[in-house]
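Residue numbers (my numbering), protein chains in the order written: chain A, 1 to 401; chain B, 1 to 401.
Hints were generated in silico from the structure; no laboratory data involved.
Heads up, a few of these hints could be off.
Identical copies look the same in the list; a pair holds intra-copy or inter-copy alike.
With a straight-line cut-off of 25 Å between C-alpha atoms, the simulated PhoX-like cross-links for lysine-lysine are [what the hints assert, rightly or not]:
(1) K369 / K250
(2) K320 / K287
(3) K122 / K34
(4) K296 / K320
(5) K320 / K275
2 protein chains.
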Amino acid sequence: MYTICNMNAEIICIGTELLLGHVVNTNASFIAEKLAGSGIDHYFQATVGDNPKRLADTIRAALTRSDVVITTGGLGPTVDDITTRIIADVVNKKQALIPEGAKWLRNPYGTAPGLIIEHKSKIIIALPGPPREMQPMVMDYVIPYLRKKVGAAGIIKSRSIRLIGLAEASVDEKVKDLLNLSGAVRVGIYAKQGEVELKVMAKAKDERSANAEIARIEKVIRKRLGRYIYGVDRETLADNVAGMLIKGRKTIAVAESCTGGLIANMITDVPGASKTFIEGIVSYSNKSKFMGLGVKQETLKKYGAVSPQVAGEMAGGIHKRAGADIGLGITGIAGPTGATKAKPVGLVYIALSLSFPSPRKRGKRESTKTIVRQFNFLGSRVEIKHQAAQAALDLLRWELL
Amino acid sequence: MYTICNMNAEIICIGTELLLGHVVNTNASFIAEKLAGSGIDHYFQATVGDNPKRLADTIRAALTRSDVVITTGGLGPTVDDITTRIIADVVNKKQALIPEGAKWLRNPYGTAPGLIIEHKSKIIIALPGPPREMQPMVMDYVIPYLRKKVGAAGIIKSRSIRLIGLAEASVDEKVKDLLNLSGAVRVGIYAKQGEVELKVMAKAKDERSANAEIARIEKVIRKRLGRYIYGVDRETLADNVAGMLIKGRKTIAVAESCTGGLIANMITDVPGASKTFIEGIVSYSNKSKFMGLGVKQETLKKYGAVSPQVAGEMAGGIHKRAGADIGLGITGIAGPTGATKAKPVGLVYIALSLSFPSPRKRGKRESTKTIVRQFNFLGSRVEIKHQAAQAALDLLRWELL
Numbered sequence: 001m002y003t004i005c006n007m008n009a010e011i012i013c014i015g016t017e018l019l020l021g022h023v024v025n026t027n028a029s030f031i032a033e034k035l036a037g038s039g040i041d042h043y044f045q046a047t048v049g050d051n052p053k054r055l056a057d058t059i060r061a062a063l064t065r066s067d068v069v070i071t072t073g074g075l076g077p078t079v080d081d082i083t084t085r086i087i088a089d090v091v092n093k094k095q096a097l098i099p100e101g102a103k104w105l106r107n108p109y110g111t112a113p114g115l116i117i118e119h120k121s122k123i124i125i126a127l128p129g130p131p132r133e134m135q136p137m138v139m140d141y142v143i144p145y146l147r148k149k150v151g152a153a154g155i156i157k158s159r160s161i162r163l164i165g166l167a168e169a170s171v172d173e174k175v176k177d178l179l180n181l182s183g184a185v186r187v188g189i190y191a192k193q194g195e196v197e198l199k200v201m202a203k204a205k206d207e208r209s210a211n212a213e214i215a216r217i218e219k220v221i222r223k224r225l226g227r228y229i230y231g232v233d234r235e236t237l238a239d240n241v242a243g244m245l246i247k248g249r250k251t252i253a254v255a256e257s258c259t260g261g262l263i264a265n266m267i268t269d270v271p272g273a274s275k276t277f278i279e280g281i282v283s284y285s286n287k288s289k290f291m292g293l294g295v296k297q298e299t300l301k302k303y304g305a306v307s308p309q310v311a312g313e314m315a316g317g318i319h320k321r322a323g324a325d326i327g328l329g330i331t332g333i334a335g336p337t338g339a340t341k342a343k344p345v346g347l348v349y350i351a352l353s354l355s356f357p358s359p360r361k362r363g364k365r366e367s368t369k370t371i372v373r374q375f376n377f378l379g380s381r382v383e384i385k386h387q388a389a390q391a392a393l394d395l396l397r398w399e400l401l
Numbered sequence: 001m002y003t004i005c006n007m008n009a010e011i012i013c014i015g016t017e018l019l020l021g022h023v024v025n026t027n028a029s030f031i032a033e034k035l036a037g038s039g040i041d042h043y044f045q046a047t048v049g050d051n052p053k054r055l056a057d058t059i060r061a062a063l064t065r066s067d068v069v070i071t072t073g074g075l076g077p078t079v080d081d082i083t084t085r086i087i088a089d090v091v092n093k094k095q096a097l098i099p100e101g102a103k104w105l106r107n108p109y110g111t112a113p114g115l116i117i118e119h120k121s122k123i124i125i126a127l128p129g130p131p132r133e134m135q136p137m138v139m140d141y142v143i144p145y146l147r148k149k150v151g152a153a154g155i156i157k158s159r160s161i162r163l164i165g166l167a168e169a170s171v172d173e174k175v176k177d178l179l180n181l182s183g184a185v186r187v188g189i190y191a192k193q194g195e196v197e198l199k200v201m202a203k204a205k206d207e208r209s210a211n212a213e214i215a216r217i218e219k220v221i222r223k224r225l226g227r228y229i230y231g232v233d234r235e236t237l238a239d240n241v242a243g244m245l246i247k248g249r250k251t252i253a254v255a256e257s258c259t260g261g262l263i264a265n266m267i268t269d270v271p272g273a274s275k276t277f278i279e280g281i282v283s284y285s286n287k288s289k290f291m292g293l294g295v296k297q298e299t300l301k302k303y304g305a306v307s308p309q310v311a312g313e314m315a316g317g318i319h320k321r322a323g324a325d326i327g328l329g330i331t332g333i334a335g336p337t338g339a340t341k342a343k344p345v346g347l348v349y350i351a352l353s354l355s356f357p358s359p360r361k362r363g364k365r366e367s368t369k370t371i372v373r374q375f376n377f378l379g380s381r382v383e384i385k386h387q388a389a390q391a392a393l394d395l396l397r398w399e400l401l
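If we strip away everything but chain A, and leave its shape as in the complex, we get (with noise of 0.2 Å):
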């Protein structure tokens, strides 16, 4: 037994299907998180098919340059071995099935156990393709072991932080010191949908140290973005609002029409919604809006479905009919059809109905609020709904906090 300082691990990936592009190579970002997490240096990824000589030079030139050599795929019966058959080949230098010196590692979730290979203060380690079967075995044995031989050389940590409601380029605004930052402690910023992440980076000698500087950032954004920060790491929007809404003890209903159910499946996708939420409608025809949510008919007809009339009138519906504490109603044109010029796709109204007790009587719902909040959304169906269904959330994470 050796320790490696400052350890330097490369990823092979090895499979037709990545070269073909059938398959998203989720392996290589999985084991190059648990790499950093760990504190391992990580500078080299490859992927190759299963063509022999290519895999060896491919496992030949890794070892120039890196301490550990993890691959992933080829192994098992059905691909004839070929991982294992070329390791033993580059390690021994003679034909052999099994590489000199190799451990069996047990795959408790498939037939392919993985192997570890210790070879020259080098190490080789072979593990399957399926991302079930791997990601077990990288988290019991891999991680464990690597972290053993990289003694106490250090650890990276992160921390996401996730904003909604301003742009990418507001957040840069305010936080560009943060994004400069080259030391052990860094900062990135990542965008989507109208979503921004800020992710904190910590490089340090104990996890202690490592979160004693992200808490440090973090302090920083929290006071410069504050409320538009709706949650840390894999914390969703919907997580945020039905954990507010299960504390402060609040029910809820929604009435849905361009969202289509997504609102009502995103809150009901947190475990425990049951506790807040009551009721959904999706209600895709008037006769449902009318029927179901005591929509006005005079509504639809002067200002129709797609109205912030309508909006308000199915918030309070829902929010009547269920004897929730908030209703939210949804309207809007999702595409890619029933747009008309005064109402383009995208043109989207939200309404909350909300119940406050009377301050006299308490507990008694005396007194009841509606705000309505016009939005324009771009892109497809699908992007148009899944924007329209977070505006939702949002507005009422606002009326919550």
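Model the placement of chain B on the given structure of chain A, informed by the hints.
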């Protein structure tokens, strides 16, 4: 201008975020798929960070084994234009900011243009990293340019045949001979969450011959697996079912408990869904089940909310309420809480209530049929919701066939 036969391309993705595992590399699979579709061989992908020496070494190594080297990322002002600078270095062998003989590629969706450099019988193409900028440039410039270079060397086409309701092993057994083909036509099998995909790939001299080869194999697959096939390529199960409903001029309404709006959301993702989808109710409380759907209180009391009886009454209730041709009811335990010994997480009941026009008086709905099925799914809350929604759509599909 020169033409390369049997052109061989390599992809280099540049970005520290890829090495930290913050981002899944979808660029490599996107470009790989387009290369395969154009008959351009592709044996190697590499991912590197923004270290100048490692990037230069990687590009040099790529040029020794490939005719075309395509890079993504590392372009534009924010990253100090490292890619352009390094390519200039590698190509010109003298200090320069822009490689000699470079042609700029317009980037309609961003600020950093791409580059094409023809250098001693080799081609280097540098593209920006963000997928929404890179993808149109590949489709509009890179692929037409390479197709011209490759001349009449042939193309690869593929077609995905999508199945539901059969386990991977059963599909495998029925098409084992096809999975072992090794000529110009090949078939691959991929499985995910209860669904199976058979991918047929054909290499031929032109598109027509490739299509003919694919059609020949597809015919064999359809003969053996017939009704388990719900779609091809990017078609979803909801596309298939909504398409059948629209074509058959049938309307549908859904009453969801455990799926929480997901079925409504899937159906309303399909453009034109408003022609068939009338109403959805997400019934998360007993109150909503008997007030909104007319489920009897004694049924709820006697059998519980998760029971075949309640599923049946939900389907019947929404069927009648919405005045649709078909009512779908679903109730179950998505978890992680709410399970009992008799009713474990993953237990789901799905019911359909169907109207038939009376054979004598056409158009009058006289008879109604109700079907109820029990399922037991495994997985997380979100996975159980997904599997339950797909099973409901599949049940509907079999009814419509």
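For the identical chains here, do K296 and K320 meet the 25 Å Cα criterion within one copy, between copies, both, or neither? Both, since 14 Å and 22 Å are each at most 25 Å.
Cα distance capped at 25 Å. Does K320 pair with K275 within a copy, between copies, both, or neither? For K320 and K275, only the intra-copy Cα distance (18 Å) is at most 25 Å; the inter-copy one is 29 Å.
Regarding K122 and K34, is the shortest C-alpha distance of 25 Å or less found within a copy, between copies, in both, or in neither? Close inside one copy (19 Å), not across copies (37 Å); limit 25 Å.
Is the C-alpha distance from K320 to K287 at most 25 Å within one copy, between copies, in both cases, or in neither? both (18 Å within a copy, 13 Å between copies)
With identical chains treated as interchangeable, where does the CA-CA distance between K369 and K250 reach 25 Å or less: within a copy, between copies, both, or neither? For K369 and K250, the Cα distance is within 25 Å only inside one copy (15 Å; across copies 40 Å).
Against the hints set out earlier in the document, no violation occurs for any number.
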